[in-house]
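Visitor: Listed here are the chains, written in short residue letters.
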Amino acid sequence: MQKDVPVAAPPHSRRHPGRSFAVGIARAFAGSLIFALPLLMTMEMWWLGFTMDRLRLALLVVLTLPVLVGLARYIGFERTSGWADDLRDGLIGYAVGFIASTIVLVLLGIIEAGMSADEVIGKVALQAVPASIGAVLARSQLGSERDRRDEETQKRHAGYFGEMFITAVGALFLALNLAPTEEMVLISYMMSGWHTVAVALLSLLIMHAFVYALDFAGGSAHPSDMPRWRSFLLLPVTGYAICLVISLYVLWSFGRTDGTDIGQVIKATVVLGFPAAIGGAAARLVV
Amino acid sequence: MAHPHEHQVRPGLHLVQWAFAILGLALVVGSAAFMVYRAVGIDGGPPALSVRWSAAVRQRDGWLLPFTAINGGGEPAAQVWIEASIIATDGSRETSRTVLDYVPAHSERRGGLVFRTDPTAGQLTIRALGYTEP
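Chains A and B supply the protein sequences, listed in that same order. Those letters in the first sequence? Residues 1 to 287, per our numbering, in order. Those letters in the second sequence? Residues 1001 to 1134, per our numbering, in order.
Next comes chain A alone, as it looks inside the complex:
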């Protein structure tokens, strides 16, 4: 954090680097709790911890790492200057998320004696995914005004790839929050084909509205090297496509697509794609 340009470093942290790091870790714990508590207190998440296909859970854990490093790159809880710092901060975020999840699950009696290592590690590893995202986001959410300004600078430099990455993380986070529940599949059973098309169109419209709003809010949605009309058409469509892919990935991870008709899978993907699109679009405003 002190390796940044000297003018941007908060004066107090230059005097007390150790204290600043401790504050950062405390913030990370707070962030992971805020983001993960709804899931830590969701019984389907406990069950998924031991019912989920082990390889899919391993893949989810491994994929979390690049997500955390990327988040640290654009907004993390430490002011970072290079990829090594981002990697370090992403890993610290995972450690914090893992520890926070363990503490809460033990405190709530969700992990107790008589449970196999398989069950315990599965439960914690799954919860650590949203918790570690929360830990890395903590600085952005709970940071001071000064931090926010720095972050704006960094976000503006995020560019097209960065925008899409932040959209994907927002979509992943919301999808993770909703996909564990039975309702996602139940809703898709209740919806007709027309409902599905309507939800897809509304999701797209919301993505578009957010891009439009961002442009007015002085956000970074509009890459300067792209014609205005193109960015207004292209960004929402690309963003929504990313949200759908994330939705499908999360549904597959949780075994919701197994032995299911392709039509039902598409419907469930669109249903989960709706909150994912809101998460993805809002991420660029909120994050």
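No lab work stands behind these hints: they were computed from the structure. For each residue, glycine too, the CB sits at the ideal point set by N, CA and C. Don't take each hint at face value.
What the hints assert, rightly or not - Restraint ranges, calculated between C-beta atoms of paired labels, are given here:
hint, chain 1, residue 1, chain 2, residue 2, range
1, A, 63, B, 1052, 38 to 46 Å
2, B, 1072, A, 62, 25 to 33 Å
3, A, 84, B, 1052, 50 to 58 Å
4, B, 1041, A, 255, 13 to 21 Å
5, B, 1114, A, 116, 46 to 54 Å
6, B, 1045, A, 261, 25 to 33 Å
7, B, 1018, A, 112, 32 to 40 Å
8, A, 205, B, 1029, 38 to 46 Å
9, B, 1127, A, 84, 56 to 64 Å
10, B, 1097, A, 63, 37 to 45 Å
11, A, 63, B, 1093, 50 to 58 Å
12, A, 116, B, 1060, 45 to 53 Å
13, B, 1072, A, 26, 23 to 31 Å
What the hints assert, rightly or not - Reference excerpt, derived from the structure (chain B facing chain A, CB under 7 Å, subset only):
hint, residue
14, 1013
15, 1015
16, 1019
17, 1024
18, 1025
19, 1035
20, 1038
21, 1064
22, 1066
23, 1070
24, 1072
25, 1104
26, 1120
With chain A's structure known, arrange chain B on it following the hints.
Guide: Below, chain B alone, put in the same frame as chain A:
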């Protein structure tokens, strides 16, 4: 990471930061590797359910028979029906059953069955009836 302001960071702090990071790396690699190991491990196979009972407890309206269901298989079981029967010395039979939401692989879950007669007075049998895949 050569940088003109490197000297401002105390070496001790650097160590603490990297210690946290290495812990994070160990947790990512460790939990992912464990899941892969469990997926390809030799102790897989379908749920293998066994049930053990503990000492029956006298209650106001009958007897409570606590039990522990153990899944020795490599896959989790959902909706595990547990049934116990007592055949008394006079030949009369009493059956009680309950259902456990989940018994994860290599884990155990506890429950209890209620009887009107003393379970230890007759011949007691307890077993899992079946399960569904989660």
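Visitor: Tell me if the interface restraint on residue 1072(B) is satisfied: Cβ within less than 7 Å of some Cβ in chain A.
Guide: Residue 1072(B) check fails; min Cβ-Cβ to chain A is 10 Å, beyond 7 Å.
Visitor: Quick check: does the Cβ-Cβ distance between residue 1097(B) and residue 63(A) fall within 37 to 45 Å?
Guide: holds (43 Å)
Visitor: Measuring from the C-beta of residue 1024(B) to each C-beta in chain A, is the shortest one below 7 Å?
Guide: holds (3 Å)
Visitor: Within 38 to 46 Å: is that where the Cβ-Cβ distance between residue 205(A) and residue 1029(B) falls?
Guide: 42 Å Cβ-Cβ, so the 38 to 46 Å window holds.
Visitor: Would the stated hint for residue 1104(B) survive a check requiring a Cβ distance to chain A of less than 7 Å?
Guide: holds (4 Å)
Visitor: Range first: 50 to 58 Å. Now tell me if the beta carbons of residue 84(A) and residue 1052(B) are that far apart.
Guide: holds (53 Å)
Visitor: Does the CB of residue 1019(B) sit less than 7 Å away from some CB of chain A?
Guide: Residue 1019(B) check fails; min Cβ-Cβ to chain A is 9 Å, beyond 7 Å.
Visitor: Does the Cβ-Cβ separation between residue 1018(B) and residue 112(A) fall within 32 to 40 Å?
Guide: Given about 34 Å between the Cβ atoms, the range holds.
Visitor: Under the criterion of a CB-CB separation shorter than 7 Å, is residue 1013(B) in contact with chain A as hinted?
Guide: Residue 1013(B) check passes; min Cβ-Cβ to chain A is 5 Å, inside 7 Å.
Visitor: Take a look at whether the Cβ-Cβ distance between residue 63(A) and residue 1093(B) falls inside 50 to 58 Å.
Guide: holds (55 Å)
Visitor: Confirm or reject the claim that residue 63(A) and residue 1052(B) have a C-beta distance inside 38 to 46 Å.
Guide: Distance hint for residue 63(A), residue 1052(B) holds at roughly 40 Å.
Visitor: Using the beta carbons of residue 1127(B) and residue 84(A), state whether their distance is inside 56 to 64 Å or not.
Guide: Because 58 Å falls inside the window, the suggested range holds.
Checked against the numbered hints above, the structure breaks hints 5, 12, 13, 15, 16, 21, 22, 23, 24 and 26 and satisfies the rest.
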